[in-house]
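Engineer: What follows is the residue order along each chain.
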Amino acid sequence: EPEVTQTPSHQVTQMGQEVILRCVPISNHLYFYWYRQILGQKVEFLVSFYNNEISEKSEIFDDQFSVERPDGSNFTLKIRSTKLEDSAMYFCASSNAEQYFGPGTRLTVT
Amino acid sequence: AQSVTQPDIHITVSEGASLELRCNYSYGATPYLFWYVQSPGQGLQLLLKYFSGDTLVQGIKGFEAEFKRSQSSFNLRKPSVHWSDAAEYFCAVGEGGGGADGLTFGKGTHLIIQP
Numbered sequence: 010e011p012e013v014t015q016t017p018s019h020q021v022t023q024m025g026q027e028v029i030l031r032c033v034p035i036s037n038h039l040y041f042y043w044y045r046q047i048l049g050q051k052v053e054f055l056v057s058f059y060n061n062e063i064s065e066k067s068e069i070f071d072d073q074f075s076v077e078r079p080d081g082s083n084f085t086l087k088i089r090s091t092k093l094e095d096s097a098m099y100f101c102a103s104s105n106a107e108q109y110f111g112p113g114t115r116l117t118v119t
Numbered sequence: 245a246q247s248v249t250q251p252d253i254h255i256t257v258s259e260g261a262s263l264e265l266r267c268n269y270s271y272g273a274t275p276y277l278f279w280y281v282q283s284p285g286q287g288l289q290l291l292l293k294y295f296s297g298d299t300l301v302q303g304i305k306g307f308e309a310e311f312k313r314s315q316s317s318f319n320l321r322k323p324s325v326h327w328s329d330a331a332e333y334f335c336a337v338g339e340g341g342g343g344a345d346g347l348t349f350g351k352g353t354h355l356i357i358q359p
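One line per chain: the protein sequences are A and B, in this order. Numbering-wise (the working numbering), the first sequence opens with residue 10 and increments by one. Numbering-wise (the working numbering), the second sequence opens with residue 245 and increments by one.
Watch out, some of these pointers could steer you wrong.
To be verified - Quick list of in silico lysine to aspartate or glutamate cross-link-like pairs, EDC-like style, CA-CA up to 20 Å:
#1 A:Lys92 x A:Glu27
#2 B:Lys312 x B:Glu259
#3 B:Lys351 x A:Asp95
#4 A:Lys51 x B:Asp298
#5 B:Lys305 x A:Asp95
#6 A:Lys51 x A:Glu107
#7 B:Lys293 x B:Asp329
#8 B:Lys305 x B:Asp345
#9 B:Lys293 x A:Asp71
#10 A:Lys51 x A:Glu10
#11 A:Lys66 x A:Glu53
#12 B:Lys293 x B:Glu259
#13 B:Lys351 x A:Glu53
#14 B:Lys293 x A:Asp72
#15 A:Lys92 x A:Glu107
#16 A:Lys51 x B:Asp252
#17 B:Lys312 x B:Glu264
#18 A:Lys51 x A:Glu27
#19 B:Lys305 x A:Glu12
#20 A:Lys87 x B:Glu332
#21 B:Lys312 x B:Asp298
#22 A:Lys87 x B:Glu264
#23 B:Lys305 x B:Glu339
#24 B:Lys305 x A:Glu10
#25 B:Lys293 x A:Glu53
#26 B:Lys351 x A:Glu68
#27 B:Lys305 x B:Glu332
#28 A:Lys66 x A:Glu94
#29 A:Lys92 x A:Glu62
#30 B:Lys293 x B:Glu332
#31 B:Lys305 x B:Asp329
#32 A:Lys92 x A:Asp72
#33 B:Lys293 x A:Glu10
#34 A:Lys87 x A:Glu107
#35 A:Lys66 x B:Glu339
#36 A:Lys66 x B:Asp345
#37 B:Lys312 x B:Asp329
#38 B:Lys351 x A:Glu10
#39 B:Lys351 x B:Glu339
If you are wondering where the hints come from, they were derived from the structure by calculation, not from laboratory data.
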């Protein structure tokens with residue numbers, strides 16, 4: 010069964026550094042998403058991506074964040090100048106109808 | 245703006261007993277509703293979805309949910325829980341069944357199964 014994959018599973022970075030989180034969506038899906046889940050809190054929508062551009066973004070997704078689909082398979086989330094409060098689990102999802110989620114990347118900012 | 249309320253933070257059920265997890269939503273139009281399950285350290289797995297049609301939907305692992313428009317609810321049920329059902333359960337609402345709109349999640353219900 011096809012699935013969404015994410016790498017790395019855990020990323021530790023120092024405050025102020027840039028990180029890139031990577032996702033491989035399900036191959037025939039057209040819509041891609043990033044969500045985050047701060048420890049103990051609910052899952053929050055960050056951004057959706059369709060046809061090589063951002064379709065929708067939340068108020069969380071400010072200029073610190075960017076997304077890219079650099080090739081036909083990968084979908085990335087870049088976080089510039091990380092802050093302590095960026096520590097969270099980041100989930101990628103893809104869909105043509107219902108959304109399927111990857112296993113997540115746990116980002117720890119120290 | 246859409247919102248999802250899961251009023252129960254924790255629920256404890258005995259193995260073999262029935263289960264109902266509550267979900268209420270706020271949304272102006274016809275919602276697209278989902279239940280996801282998250283085991284510790286894992287991602288979100290889709291249990292079931294409601295887009296339209298029959299208001300009682302069947303999902304994986306023996307779960308079902310019923311959409312009640314008059315009550316703005318989409319409660320998740322299972323007739324007999326197994327120890328492996330212990331997990332965090334999230335209800336979510338979307339504006340479209342497929343498309344660019346992000347999902348709005350509830351805060352989740354932590355299900356504990358006691359022997």
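Engineer: Check each numbered hint against the structure and report the violated ones by number, ascending.
Structural biologist: 2, 4, 5, 8, 9, 10, 12, 14, 15, 18, 20, 22, 23, 29, 34, 37, 38
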